[in-house]
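Student: Sequence:
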Amino acid sequence: MAALQAKAGNRAVTTAIQRATVTSPGPETTDEVRASSSRTPEAAASGSGQAQGEQQQDDAARRKQAAEDEAKDLKKQAGTAALTRADAEAQMWRKTGVAAAARKEATAAEGEAVKSRDKTDAAERQRAEAEGRERDWAVQVEEAEKARSAAATAVSDRTGDETAAGKRQAEAREGLADAEAEVQRCTEEAETAAKELAAVEAEVERRRKKAEATAKELADAEAEVERCTKESDDAAEAHRRAEASLEALASAEDEAQKQAKQAAEAAHAAVETWATAVTAAKEQVVALQRKAEKRQGKVEAEEDRQREAEAAVRERAGAVTSAEKEVDDAQDVLRKRSDEFAAATRAREDAEATLTTREETKAAAEQQVSRAAADRERQENAKAAAQQEVARFEATASAHRRVEKDAREAAGAAARVRQQAGQDEAVAREGATEATKRAGEAAGQTEQTEQTEQTEQTAEPEKPGRLKRFSKAFGFTNLKKMGDPGDTVILRGTAPSGAAARAAASDAHRAPAFGTPSQQVFESSHNFGITALGLGNDSRGLVSALKTPKDTQGSAAHQADKDKKGKSAGVLTNATMLAGDGMKVGGGAATKSGIVEGVTAAGEGVGVTTGLFSVGIGAREGRAIHLTSQKRDALKKHALKDVEAVRTRTLQVVLDRLGAVNAELVDKAAAESGSEAGPTAEQIDSLDRSRAEVASLRTELREHLASAQQYAIHKQDNKIIKRAVSLGGNVVRTAGGILVVITLAGTLATPAAPAVGATGAAVLGGLAAYKGGKGGYKRAESVRHPDKWRRTTMAQGDTEFTEAGEEQKGSGWRAALEAVKVTKSIEQGERQLRAQEIYALAAGPAVPVGRNVPEDIRAEARGLLLDLKCDPARRNENAKEWSDSLNDPEQQEDWEKYIAKQLAS
1 MAALQAKAGN
11 RAVTTAIQRA
21 TVTSPGPETT
31 DEVRASSSRT
41 PEAAASGSGQ
51 AQGEQQQDDA
61 ARRKQAAEDE
71 AKDLKKQAGT
81 AALTRADAEA
91 QMWRKTGVAA
101 AARKEATAAE
111 GEAVKSRDKT
121 DAAERQRAEA
131 EGRERDWAVQ
141 VEEAEKARSA
151 AATAVSDRTG
161 DETAAGKRQA
171 EAREGLADAE
181 AEVQRCTEEA
191 ETAAKELAAV
201 EAEVERRRKK
211 AEATAKELAD
221 AEAEVERCTK
231 ESDDAAEAHR
241 RAEASLEALA
251 SAEDEAQKQA
261 KQAAEAAHAA
271 VETWATAVTA
281 AKEQVVALQR
291 KAEKRQGKVE
301 AEEDRQREAE
311 AAVRERAGAV
321 TSAEKEVDDA
331 QDVLRKRSDE
341 FAAATRARED
351 AEATLTTREE
361 TKAAAEQQVS
371 RAAADRERQE
381 NAKAAAQQEV
391 ARFEATASAH
401 RRVEKDAREA
411 AGAAARVRQQ
421 AGQDEAVARE
431 GATEATKRAG
441 EAAGQTEQTE
451 QTEQTEQTAE
461 PEKPGRLKRF
471 SKAFGFTNLK
481 KMGDPGDTVI
491 LRGTAPSGAA
501 ARAAASDAHR
511 APAFGTPSQQ
521 VFESSHNFGI
531 TALGLGNDSR
541 GLVSALKTPK
551 DTQGSAAHQA
561 DKDKKGKSAG
571 VLTNATMLAG
581 DGMKVGGGAA
591 TKSGIVEGVT
601 AAGEGVGVTT
611 GLFSVGIGAR
621 EGRAIHLTSQ
631 KRDALKKHAL
641 KDVEAVRTRT
651 LQVVLDRLGA
661 VNAELVDKAA
671 AESGSEAGPT
681 AEQIDSLDRS
691 RAEVASLRTE
701 LREHLASAQQ
711 YAIHKQDNKI
721 IKRAVSLGGN
731 VVRTAGGILV
741 VITLAGTLAT
751 PAAPAVGATG
761 AAVLGGLAAY
771 KGGKGGYKRA
781 ESVRHPDKWR
791 RTTMAQGDTE
801 FTEAGEEQKG
811 SGWRAALEAV
821 KVTKSIEQGE
831 RQLRAQEIYA
841 LAAGPAVPVG
851 RNVPEDIRAE
861 ARGLLLDLKC
871 DPARRNENAK
881 EWSDSLNDPE
891 QQEDWEKYIA
901 KQLAS
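No gaps in the numbering here: position 881 of the sequence shown is 881 in our numbering, and each next residue is one more.
For the record, the hints were derived by calculation from the structure and aren't laboratory data.
Take the hints with a grain of salt, since some may be wrong.
Stated by the list, open to error - Calculated cross-link-like contacts (lysine to any residue; reagent style SDA-like; alpha-carbon spacing at most 20 Å):
1) Lys901 with Glu890
2) Lys565 with Thr548
3) Lys565 with Pro872
4) Lys719 with Gln630
Stated by the list, open to error - Distance windows between CB atoms, simulated:
5) Ser696 with Val114: 30 to 36 Å
6) Arg290 with Asp178: 55 to 61 Å
7) Asn878 with Ala724: 33 to 39 Å
All C-beta atoms in this analysis are idealised placements derived from N, C-alpha and C, irrespective of residue type, glycine included.
Kindly produce the complete structure, drawing on both the sequences and the hints.
Tutor: In structure tokens:
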């Protein structure tokens, strides 16, 4: 309701202002005016009509001034009420958020308290169970202790049995050891006897072998005796035969006798030899017989010893057998004692195992008792902790409920303040509308009186507007724009190419076919005229800026400050360019007249001036790049990162819906706080739904703002690129001017100067063509697609917003015609649309378009204005004046244009 009242009030204000700006048919609504009208014929009849008309005009002027003052005060009150409304609305939003958060926390704390109570009950049940288990296990511990004591007694008894069995086993082991020692002794003696027997047997065998060897030698000796005896007998027989033969041959020849004699002698010698051999052999036989007898005696002695050793061995073997039997008996006893000991050990181990089992059972039972006691203690602690949690959560829930209650009350109070402020705002706006209406009626009466007097004084009133329209259409600014395309063509196209043609023709010693002196004079004259217009415009702008009062505020103050810097630089640059263009005209004229010295001097002057103004422009471009980079960096630094940079719906539609939902939220908050029993679940759900929708709409607004930020960053990036290209072109052009001077001085004889100049002209010409083409394309698009960048927010003076339907597209011929209108600016393009949306989000609550913008989003949008260099310092304002200007509905159009300029600068 408050929003509708405000819209109605704004509509009435707009209507009244429109009425005040045109001629009123006559005052008919006030008693004072009707009284004055009724007295006018009487005054005319009495001859004092002129004085009475002046009196009536003074009265109307006083009523107009009073009405204007009243309207001003009421608008101020409406602005204050709007701020109060916005603050209350923001407070209501914050407090409802606090209440919702506190309610959520309180509900969570109450739920945790319920869980903690459940934990308390569960801990108590588990404590009782643990206590029961503790008692049961304590009984088992007592029983286990009795069993353990009995097992310990059994272990003690079995240990005594094992000790006695161990002693008996030790005694049996000692008997076995003695028997084994005896066996060992007897065995050793038997072995010794056996060794002695073996030695004796060996000696017997050795003696026997020696005896046998001696017997063999004896047999051999006897055989040798027999052989020698036989040989001796044979030799004796041979000797007898030889002697017989010798006797038989006594009568024979001497030779035969001699031979027989020799044979007899040989036989006799053989007899003697063999007789000696027989004697020696017999002597050997006798020696061997004695030796054999001696050895046989030793053999017999050794055999006696052998028999004695064999008897000793048999005796020792019997002792060993007896000892071994004793060992066997001892082993049987030891085995018996060992079995007894093993049985005693097993009994002891079984008793110990039983004791260990009983001890383990007792320990386990004691552990269970300890565990049950620890569990009981733990459950008691858990119960105490749960009870503390219950107390803490209940206290937390209570605190949150108090916070919720306080927040609801604060939200309700803020909602009521917001409602009251909305009503006050509506009343103030209605009063301001009425006062404005009265001021308009008074102004209409004054204007009617003045027109009546003017009609009486002259029969032909002046027709206003023609001269103004003519001066605007053909003023210096538009003339400069009209001439700029031709100037660009000359500077970036025909002039450089003409200079190159002249250089080529001069090298070939023939007249140039292009770039003639007459052409040069014409082109330079055109350049001179356009530069003069630019100098005049910059001079007028600089003078206007210097005349701006120091106390001027707003966009005019910022523009004046920019003009003081920019226009002064423009004046210097254009003056230098104008001097250069004048020298070009003079050089062309000198060329036509054949004055060579004049041509050289003009060329040097042109080169110098070209270098100078190119340096100036380059310095300006470098500074602009630096400042633009700082501006872009600031925009990037403060860009919104938590939302997408998108524009999904018309901004005003989002704002209007946000206003409607906020109004619903205000009513719900006021109704909720007025209930003594607190809000119902249905009221809470309804309030939460409204808050959720408000949060969604707030996000959508921030997405619009993020999109505007990205657009601003994109504009700065493009500006840096264009400025950099311009800087490069001017650097090249500066080099070309220097080369011109060097060439004309005779130091350089190459066509470098025209080539470098043509390069710079190509760079700058391309940039100019790009800018011109882009501007023409935008103008054509505004005809072909008029609704592409149409306004998405309320304009100044509007109180309602209705999305317009699709506009009819213009024809291609009309779009082409619009593209070449270089003096015409685009009234509604993307930059203007972005500026309007930025202002809508940054405007104060007293401005219809910014009425429903949340305070935090308004602060973010105003931060974007600061990054765009729309700050108070540049507008010659303090923070309050700057904020008031954003809250003034009558400054909306000025702010939108100002923001659009800053987006482009």
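Student: Give a verdict on every hint.
Tutor: Hints versus structure:
no.: 1; hint: Lys901 with Glu890; in the structure: 19 Å, holds
no.: 2; hint: Lys565 with Thr548; in the structure: 14 Å, holds
no.: 3; hint: Lys565 with Pro872; in the structure: 19 Å, holds
no.: 4; hint: Lys719 with Gln630; in the structure: 12 Å, holds
no.: 5; hint: Ser696 with Val114: 30 to 36 Å; in the structure: 33 Å, holds
no.: 6; hint: Arg290 with Asp178: 55 to 61 Å; in the structure: 57 Å, holds
no.: 7; hint: Asn878 with Ala724: 33 to 39 Å; in the structure: 37 Å, holds
Consistency note: the structure conflicts with none of the earlier hints.
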